[in-house]
Amino acid sequence: MGAMPFQSHIFDNADAALGAARSMLAAYSAAGEEPTLLAPTPTAALRVRRALSEDPSAFGSRVETPASWIADRWELFGDGRCLVNEAERELLVSRALVETADAAARPGSTPGVIDLASKLAREALPRIAAVDGTEAKRLGLGAAERALVAALRSYAGLLEERGLAEASQAAWELSALLPARPLVLLGFDELPLHLEALASALAERASVVRLDDGCRDPFPDARRAPELSALAGRLYKAGAEPVEPTGAVRFLVPAGRYAAPALVLDELVAAVARERAAARRERRDPLPAAVCARDPRGLFDDLADALLARGVSAAVAATRPFSQTAFGRAFSALAALATGEGRLVERASDFALSAFSGMPADAAGRLDAAWRGDRAVDAARLVRDLSDASPVAADALAALSRKDAEGALRALEGRVRSAEGLDAAFRAEALAAAARARRFVAACGTAGADLPSVLPLLERASCPASARTAPQGGAAGPDAMFLPLSDAAELPACSASALFVCDLTSQAYPVRAEEDAGALLLERLGLARPRDPLAASRRRFFRALCAARSEVVCERELNTQDAGEAYPAVMLEELLDCYRGASAGPGEDADQATGLPARLVPFARTAGEDALHENLALVSADALAPGAGEEWELSRAGEVVRAERVALPRRAVAGAHGAGCDAQRVVLSPSALEAYLECPCKWLASRRLRLSEPDAGFGPAEMGSFSHGVLKSFYERFREAGGRKVSRENVGAARALLGETFDRHLALQPGLDRSRSPLVPLTAVERAEVRELKRTLSSYLDRECDLLPGFAPAHLEFEFGGFEAFPYGGCLLRGSVDRIDVNDRGQAVVIDYKGSLSRDHALAASSPAAQAAGAVLPHRVQALVYAQVARRVLGLDVVGALYVSYGRKGGVSGAFDRAVLGPADLPGIDGEKCGAPGPACEAVGAASFSELVDAVEEGVACAVGSLARGVVDPDPRGGDPCGFCPVPACERRRDA
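Sequential numbering of the sequence shown, starting at -15, is according to our numbering.
Read the hints as simulated data drawn from the structure, not as lab findings. Glycine included, C-beta positions come from ideal geometry on N, C-alpha and C. Mixed in with the good hints, there may be bad ones.
Said to hold, decoys possible - Keeping only pairs whose Cα atoms sit at most 25 Å apart, straight-line, the calculated BS3-like set for lysine-lysine is:
1) K758 <-> K873
2) K897 <-> K873
3) K758 <-> K709
4) K873 <-> K696
5) K709 <-> K873
6) K696 <-> K709
7) K121 <-> K221
8) K103 <-> K121
Unchecked claim - Label pairs and their computed distance ranges (CB to CB):
9) S437 <-> A460: 20 to 30 Å
10) Q(-9) <-> G391: 24 to 34 Å
11) G429 <-> G217: 50 to 60 Å
12) A257 <-> P26: 26 to 36 Å
13) A114 <-> G548: 47 to 57 Å
14) R411 <-> A114: 47 to 57 Å
15) P734 <-> G295: 17 to 27 Å
16) E225 <-> K121: 28 to 38 Å
17) G391 <-> P734: 51 to 61 Å
18) A720 <-> D770: 13 to 23 Å
19) S446 <-> E225: 26 to 36 Å
20) R508 <-> G391: 15 to 25 Å
21) P832 <-> E915: 28 to 38 Å
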């Protein structure tokens, strides 16, 4: 664009520009004019009003932001249309993008496209909407650009239909309607397009002056520390003398993000103490410290409690997306339940456990467990359960079912206002989010939008997320303010005792030009102006530095979260350049540990991430001093403290397990014994602490439980039909019976209790897996024909240890044996079904077990334990303890008596690795199968003794003991 027709003046700093504005307003007022001053933000406007309130000569001057001024002038001089608000704009822009006629080049309505189109509409809707097909062709617009122009033209039509107008439309029309009165533009780094057009038009008829802050030199202030004045005066100037460090500028250099909060905490507490001492000496109120961070609310949440414990009050002024507020999560959860879409169980649990449900925590926890344990739960049940347990949910869900979003918001807001014990900041944030949602719902009515379809737009809307802590009897103002760097740049000069600038990395503060589709479109329309992101970054940092009176603290992490090198932000590099000589390069005379110039190292603090507890718990140096608190010896990672801290399995209750029950013995299952022998630490985590997810699943556990049930029921019905063993003669009928049994069991699964691991397929993929399982079990019957000729299933899911105590290896054992086959001579083979087999299932896969006093034991002992059960309880002569796979690959493994069974009885088994007697059996210290069963019990007895003493140190055994282990940080962990 050409030169603007209004005057423009650039000053060294914001205070000088404000002084010039005061003089100019006073001159206008003295001449009988009614001037208006526009400031870029509400904060800047408030600052100007305060300055003018002390100057009677500026009486009668108006101070506004562009938005408030255009809205006021439009209401007075406009054509009766209302200005569109932010929510209405987003909804109507989204609709226009969807309804664009050219579907092939439709730009879509993603959040990024909506933001882009909304920005263009705010800035230059009249100019863009005036582009027709002929001009689009002349300008050389591409297909996507033409589609965007068409969408904005459609948006203009939607506004007109509803009696609405954009701010840019109002500005274009006001240029010919406003009376000729002076206008002062103060502190605009970049004028919005519509304001520039309006100011240019007014300049033809009235005085329009632009006063800018050039950020060249700080406003002289004797209260500012000399080093800070020298730094601000030296910043961005080439060839000037280096600044002499005195300690007013300090540096925090943590190794990574986990070490940063503790460093900032200690330095901030010390800075507050210094300011309090200075205020007492100077007999004034202490000034707050300004703490800037990329995520000020996150840093506040990390430090606020620790600061309060040290007597330092803090406040944060920030925003959060609606979806990240507690109120937003609660409303979105109910909205999802009302529509029946999304991850409904998670949403229902989130609401039940929130402060908005009004439910006791234990009741909410029971509902959560019931829902998550039932894969068949549906939206209707979730709505019913929540409505029965929570009156707030009942009212809100009933309102949503009537499409009365306002009623649902009233129900939730009523809970916020009436609930006792809510934190004041939590209540304020929730009410602010409720107000934001109410405005959005009203905008939906204006735009004709259905709330469920546009809920993502509400979820990303910004909501105030301010909070504050204050010690008992604390001062009125906070000791520390957490805020974005852009907000710190708007603070008055010397208004903060200290300025902390955190996260000074190039990732947190990138400097890059914006070249999006909107900028390219404006360039083609002749409306583009050069934007300099580096200049904008410099202005922001300069102004923030000028806000500090006594000290500045810069924090920069050396490494990223993935242990890569973190590069310093440009603003930090330029600050460090102020301490270097004119001939020194950025890498010269740099300290290797911190990257700082050597002369600044005395004013830097470093911290590693190795002291994880101290860093995350924000433990102060005093708390870590010898004798300051309780001490105990810490175990190494993965090691678990012994018996006094270990919750052992339940012990027998007198009378519960029949006569002769030893109440001091622990009650275990064969699978638990095997898990302990595999790794005591894994047993503790998975069996005692139960660290697995509480949700009902669809995987190997459910497939296995279902398959066991189907095979048991099949053999029962097979015997009832007169069958004894599946053979080549009856395998066809057996398959038909198995198919019927499979279908019957599958139909019963949704009604089973969570403890029985029901198999409930919900998706097409899962249903396909179930069909494949049916084919797999049917194919298994072919292998069954050749397995153990002369034997037949005699006991199915044989239970033991429930009603009659079964002592085994120093514990009381309870469980069930999948199947026991018996021949005419009373010889038996124990069968344990498996979905698949590994090398560990063979008897030869054995090794010493430290938890069993070094005894050599097989890696899989369940079947051998079951063999002892069959011998003692049923009086059978057990000649085999087998693992039989019903999976696609099939297979037989385990241990068997070679004197009775051979390859013809066990097709595919490895006799050398599984037979007894033999080398595999001798490795365990047994000469026969019978001795093998007893030897395993003796070894298990040693393991039970270790378990009873609380020995749960990690000691993995077997081929893949660490697979599926919920202790990823164990130092004994190994890959398969």
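So, going through the hints one by one against the coordinates:
For the proposed pair K758 and K873, the alpha carbon gap of about 15 Å is at most 25 Å, so the pair holds. For the suggested pair K897 and K873, the alpha carbons sit about 19 Å apart, so the restraint of at most 25 Å is met. A hinted pair counts as satisfied when its Cα atoms are at most 25 Å apart, and K758 with K709 qualifies at roughly 20 Å. With a C-alpha separation of about 21 Å, the suggested pairing of K873 with K696 holds against the 25 Å cut-off.
Distance hint between K709 and K873 is fulfilled; the C-alpha atoms sit about 22 Å from each other, no more than 25 Å. Restraint check: the Cα-Cα separation between K696 and K709 comes to about 13 Å, which is no more than 25 Å; the hinted pair holds. The suggested pairing of K121 with K221 is violated, with an alpha-carbon distance near 47 Å, which exceeds 25 Å. For the suggested pair K103 and K121, the alpha carbons sit about 23 Å apart, so the restraint of at most 25 Å is met.
In this structure, S437 and A460 break the distance hint of 20 to 30 Å, their C-beta atoms being roughly 47 Å apart. A C-beta distance of roughly 55 Å is found between Q(-9) and G391, which places it outside the suggested range of 24 to 34 Å. For G429 and G217, the hinted distance range of 50 to 60 Å is satisfied, since their beta carbons lie about 56 Å from each other. For A257 and P26, the hinted distance range of 26 to 36 Å is satisfied, since their beta carbons lie about 33 Å from each other.
Our hint of 47 to 57 Å for A114 and G548 holds, since their Cβ atoms are close to 49 Å apart. The hinted window of 47 to 57 Å between R411 and A114 holds, with their beta carbons roughly 49 Å apart. Distance hint for P734 and G295: a CB-CB separation of about 58 Å, inconsistent with the stated range 17 to 27 Å. Here the CB-CB span from E225 to K121 is close to 59 Å, at odds with the stated 28 to 38 Å.
Look at G391 against P734: about 34 Å separates their beta carbons, and that is not inside 51 to 61 Å. Look at A720 against D770: about 20 Å separates their beta carbons, and that is inside 13 to 23 Å. For S446 and E225, the Cβ-Cβ distance of about 45 Å falls outside the hinted range of 26 to 36 Å, so the restraint is violated. The hint said 15 to 25 Å for the Cβ distance between R508 and G391, and at roughly 48 Å that hint is violated.
As the Cβ distance of P832 to E915 is approximately 18 Å, the hint placing it in 28 to 38 Å is violated.
Comparing the model with each numbered hint stated earlier shows that hints 7, 9, 10, 15, 16, 17, 19, 20, 21 do not hold.
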